[in-house]
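Visitor: Here the structure of chain A is known, so what remains is to put chains B and C in place on it, guided by the hints.
Protein chains in written order, with the working numbering: chain A, 1 to 255; chain B, 1 to 344; chain C, 1 to 278.
Simulated from the structure, these hints should not be mistaken for laboratory data.
Any given hint could turn out to be false.
Claimed, not checked - Under the rule of at most 27 Å between Cα atoms (straight-line distance), these lysine-lysine pairs were calculated in the DSS-like manner:
no.	chain 1	residue 1	chain 2	residue 2
1	B	Lys-60	B	Lys-121
2	A	Lys-179	B	Lys-30
3	B	Lys-60	B	Lys-222
4	C	Lys-218	B	Lys-222
Unchecked claim - For the chain B half of the interface with chain C, some residues (derived, Cβ under 10 Å), not all of them:
no.	residue
5	Tyr-4
6	Leu-69
7	Lys-74
8	Ala-119
9	Asp-175
10	Glu-189
11	His-190
12	Phe-224
13	Ile-254
14	Thr-264
15	Gly-265
16	Asp-272
Using N, Cα and C, we set each Cβ at its ideal position, and we do this for glycine too.
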Amino acid sequence: MKKPKVAFFDFSCCEGCQLQVANFGEGLLDILNLIEVVEFREVMSEKWEGDFDVAIVEGSITTPHGVERIKKIRDRSKVLIAYGSCATIGGINGMKNKFDLDEIKEYVYKDGAKYFETIPTRPVHQVVKVDYFVHGCPVYQPEFVKVLKCALQGIPYTVPDHSVCVECKLNENECMYDKGLTCLGPVTRAGCNSWCINNGNICYGCRGMVSNPAKNGQMDILEKHNIPLDWVVNKIDMYNKPRELEETETNGKKR
Amino acid sequence: MTQYVILNKTDLDEFISRLAQIKKTVAPVKRGVKNYAFEEVTSGKNVAVKYIPTILPPKKYFLPQTETLQQYDKSKKTWNAVMEFQEMIIFGVHTCDLAGIQCLNMAFSDKPKDINYLARKNRILIIGLECNDYCDEYASCKVMDNHMPNGGYDLFFTELDDFFMVHINTLEGEDLIEKTGLFKEAKEEHKKALKAMREEKRKRFKDEVNVTHNQLKPLFDKSFEAPVWQSLEARCVSCGNCTNVCPTCYCFDIEDEIDLNLTTGVRKRRWDSCQNEPFAQVAGGENFREARGERQRHRYLRKFKYPVDKYSRYFCTGCGRCSRTCMAKINLKETINELAQGAK
Amino acid sequence: MKRVTLKESAYNVKTGKILVAKMLTAQEKYFKIALAGGESLDHEPGQFVMVAVPGVGEAPISVSSSPTIRGYFELVVRDAGKLTHVLHQLEAGDTVGIRGPFGVGFPTQILEGNDLVFVAGGLGIVPLRSLINFVIDNRRDFGKVSILLGCKTPQDMLFGDEVDQWEKRLDVNFNCTVDKADPDWKGNVGLITSLIPGVTLDIERTFAIVVGPPIMYKFVIAELLKKNIPERQIYLSLERHMKCGVGKCGHCQIGDVYCCQDGPVFSYDKIKNNIEAL
Numbered sequence: 001m002k003k004p005k006v007a008f009f010d011f012s013c014c015e016g017c018q019l020q021v022a023n024f025g026e027g028l029l030d031i032l033n034l035i036e037v038v039e040f041r042e043v044m045s046e047k048w049e050g051d052f053d054v055a056i057v058e059g060s061i062t063t064p065h066g067v068e069r070i071k072k073i074r075d076r077s078k079v080l081i082a083y084g085s086c087a088t089i090g091g092i093n094g095m096k097n098k099f100d101l102d103e104i105k106e107y108v109y110k111d112g113a114k115y116f117e118t119i120p121t122r123p124v125h126q127v128v129k130v131d132y133f134v135h136g137c138p139v140y141q142p143e144f145v146k147v148l149k150c151a152l153q154g155i156p157y158t159v160p161d162h163s164v165c166v167e168c169k170l171n172e173n174e175c176m177y178d179k180g181l182t183c184l185g186p187v188t189r190a191g192c193n194s195w196c197i198n199n200g201n202i203c204y205g206c207r208g209m210v211s212n213p214a215k216n217g218q219m220d221i222l223e224k225h226n227i228p229l230d231w232v233v234n235k236i237d238m239y240n241k242p243r244e245l246e247e248t249e250t251n252g253k254k255r
Numbered sequence: 001m002t003q004y005v006i007l008n009k010t011d012l013d014e015f016i017s018r019l020a021q022i023k024k025t026v027a028p029v030k031r032g033v034k035n036y037a038f039e040e041v042t043s044g045k046n047v048a049v050k051y052i053p054t055i056l057p058p059k060k061y062f063l064p065q066t067e068t069l070q071q072y073d074k075s076k077k078t079w080n081a082v083m084e085f086q087e088m089i090i091f092g093v094h095t096c097d098l099a100g101i102q103c104l105n106m107a108f109s110d111k112p113k114d115i116n117y118l119a120r121k122n123r124i125l126i127i128g129l130e131c132n133d134y135c136d137e138y139a140s141c142k143v144m145d146n147h148m149p150n151g152g153y154d155l156f157f158t159e160l161d162d163f164f165m166v167h168i169n170t171l172e173g174e175d176l177i178e179k180t181g182l183f184k185e186a187k188e189e190h191k192k193a194l195k196a197m198r199e200e201k202r203k204r205f206k207d208e209v210n211v212t213h214n215q216l217k218p219l220f221d222k223s224f225e226a227p228v229w230q231s232l233e234a235r236c237v238s239c240g241n242c243t244n245v246c247p248t249c250y251c252f253d254i255e256d257e258i259d260l261n262l263t264t265g266v267r268k269r270r271w272d273s274c275q276n277e278p279f280a281q282v283a284g285g286e287n288f289r290e291a292r293g294e295r296q297r298h299r300y301l302r303k304f305k306y307p308v309d310k311y312s313r314y315f316c317t318g319c320g321r322c323s324r325t326c327m328a329k330i331n332l333k334e335t336i337n338e339l340a341q342g343a344k
Numbered sequence: 001m002k003r004v005t006l007k008e009s010a011y012n013v014k015t016g017k018i019l020v021a022k023m024l025t026a027q028e029k030y031f032k033i034a035l036a037g038g039e040s041l042d043h044e045p046g047q048f049v050m051v052a053v054p055g056v057g058e059a060p061i062s063v064s065s066s067p068t069i070r071g072y073f074e075l076v077v078r079d080a081g082k083l084t085h086v087l088h089q090l091e092a093g094d095t096v097g098i099r100g101p102f103g104v105g106f107p108t109q110i111l112e113g114n115d116l117v118f119v120a121g122g123l124g125i126v127p128l129r130s131l132i133n134f135v136i137d138n139r140r141d142f143g144k145v146s147i148l149l150g151c152k153t154p155q156d157m158l159f160g161d162e163v164d165q166w167e168k169r170l171d172v173n174f175n176c177t178v179d180k181a182d183p184d185w186k187g188n189v190g191l192i193t194s195l196i197p198g199v200t201l202d203i204e205r206t207f208a209i210v211v212g213p214p215i216m217y218k219f220v221i222a223e224l225l226k227k228n229i230p231e232r233q234i235y236l237s238l239e240r241h242m243k244c245g246v247g248k249c250g251h252c253q254i255g256d257v258y259c260c261q262d263g264p265v266f267s268y269d270k271i272k273n274n275i276e277a278l
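Same shape as in the complex, but just chain A (with noise of 0.2 Å):
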């Protein structure tokens, strides 16, 4: 059987996400038996001209070169993961969708800004059809293998949609409400295995919210533990800002 062929792409992002995959270990070599990676810039200089049978792609759209350039990666490719926070929900990037874009265009570049050009923040499915998504920042290495096989295998891959805490509760740790910290478990996407909360840490909505949150319910919680809710809400547009733009843009729909 011929290995398909994979690549790498990035567009915003701090290609932390493309790292992790760097970082497998000897498990990367199983990986390899598999697949056959004719491009992917962070660990070799070789490009490919001909078309993908998978492409993995890591980062958000902010400009009009990056949507032409992932229109043409689209089109070489039979299947396209959006991979990491940032191709798949904006990521930090879209904090600059708080903005006037020409305003934060000049605090970040001042005199050079005339050289950029910028359009609002969004994820790959707002602007090419997406198949797969794996989330997180950075995505969960045994996610990304799941996703990977399923592809390989040709079925869909379902993100998990219903909270960390579901997760995090299986892991038995102990509540971060309990120690009096907000954390964005509640309301974000499982499949991480509650990474975040296992080491010490809150959860930052870094998979994207779920689809249906219990919006009287977490203002209930949020009251119940003296949390203003617009504190909340900055906390969840550090990763989540350019969901605004979803389907008044776009028709995808999101898995």
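Guide: Below, chains B and C without anything else, positioned relative to chain A:
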């Protein structure tokens, strides 16, 4: 068989160490600021003798969070049903959790029997530990009739003055007594002390809700349209905590895992929760328990009505975990009281 | 953790070989399957099996063929979920895993000697066909037989040739309707409930067997009750997502009953007070 023996408190550490040499031993250990969890121990150093119910009940050993049911090999077209088990001793199980294990035993012995569960259960030895007083305000073990020992253990420890009174309930339990070799025969004075403690305890433990044990079932029989479910509908956030921590919730999902060779793999079951949104959804998209209030009602009825009809036993143990862990502070005792209030 | 192989387990899988696979409509695929070693499935009409593809998963699928057929059984699968999507890619010669049959099927012994009204909406014909063909193969054991069939459009009609045969039989009273007709359609147009008033029946000895999408039951039952058919003489087959098939996993629970063990076939009087049923 001597029914009662005693262990000096000072010998507890040594007892746990010796147990751990016999086979894998787990016991309640402090977790975080105010929580506890069952963990593997090798000595009594970290074992908590006084503890509020652990985050997850000991069901995690009887029904592991994920468990392999089948192995397959696509190239050879073979499928094998398998079971997984591990010999172990659980030390320090409260009476509420003993009741929880008894409930699980009933559900999994019901036809068709679940061989995987039953075979694993038979390889776990249970050492119970009495609560002489309430753990905290969430417990409702008295009204559920689980505050006193009622079987379901190999050995049962009761802490008294400077010793533990130990009830031997099975031959396997007696075997542990002999192998660890730290126990002395219980004398009349020891038995008196136990009796006195139990008498005190009976006075201290009172029905924690406004209905009695026997009134609970009729109350829930008539609860389908009760307004309390609407109130839970507005409050529940479907985090699934209540079912994950419940000692008698045993719903699961079944999923395939394939190895990286894309040829061999396993089929597993893993804990699932009726509180998760897609739990009752069918492929066509219809969700038969779409509303959070319906899902909460279902959870309560699976504790106070359905199992009573089927097994003549409440599947609520009164451990209080669901209330203790609820993000939205949904409280089992309050729900029952609200129901009772509405039924008047 | 030790792992040992189990000979006796509810999770043991039999190998099923696909003998024939063909698309019936744009969405539904038909499979003729034989168990390895010539083993018979031994199902009752109305029961279901768990169909598995290794690496993908398992899904409950109702058996569509009558047990009067030996040597193989038939399934009809709509491309609606992960497993069924993969099933649609399989062809003759491929194998699938089979567990079961599971559940309580249609009560053929109770139905014997009585008049039957079959009401099938949409995909409901798939499980109901197992009973209809059983009755037709044992025709003299039953009284009057009426078949009422409804689907969205004429293109959605399953088993067209077989349905034509039912229609031609003199000992079967056949009627069907579509929600939306095309120019070639010569039959009724409208909901399946519109066919019920036209059926003449003897309420003493008529049993109605209804299978269709969840939304259909309430309306069909109301029509049947208007005809004064006693509640215990109405049978339904309910759809839920069974995961284990052996009454443990909780997914198919309907109030106090497990659809996979106590159903999927229920008499209306048994579940009419079950708030989660209809």
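Visitor: Compare the structure with each hint and give your call.
Guide: Here's how the hints hold up against the structure:
no.	hint	in the structure
1	B:Lys-60 - B:Lys-121	11 Å, holds
2	A:Lys-179 - B:Lys-30	15 Å, holds
3	B:Lys-60 - B:Lys-222	33 Å, violated
4	C:Lys-218 - B:Lys-222	23 Å, holds
5	Tyr-4	35 Å, violated
6	Leu-69	4 Å, holds
7	Lys-74	5 Å, holds
8	Ala-119	8 Å, holds
9	Asp-175	21 Å, violated
10	Glu-189	45 Å, violated
11	His-190	40 Å, violated
12	Phe-224	5 Å, holds
13	Ile-254	5 Å, holds
14	Thr-264	9 Å, holds
15	Gly-265	6 Å, holds
16	Asp-272	7 Å, holds
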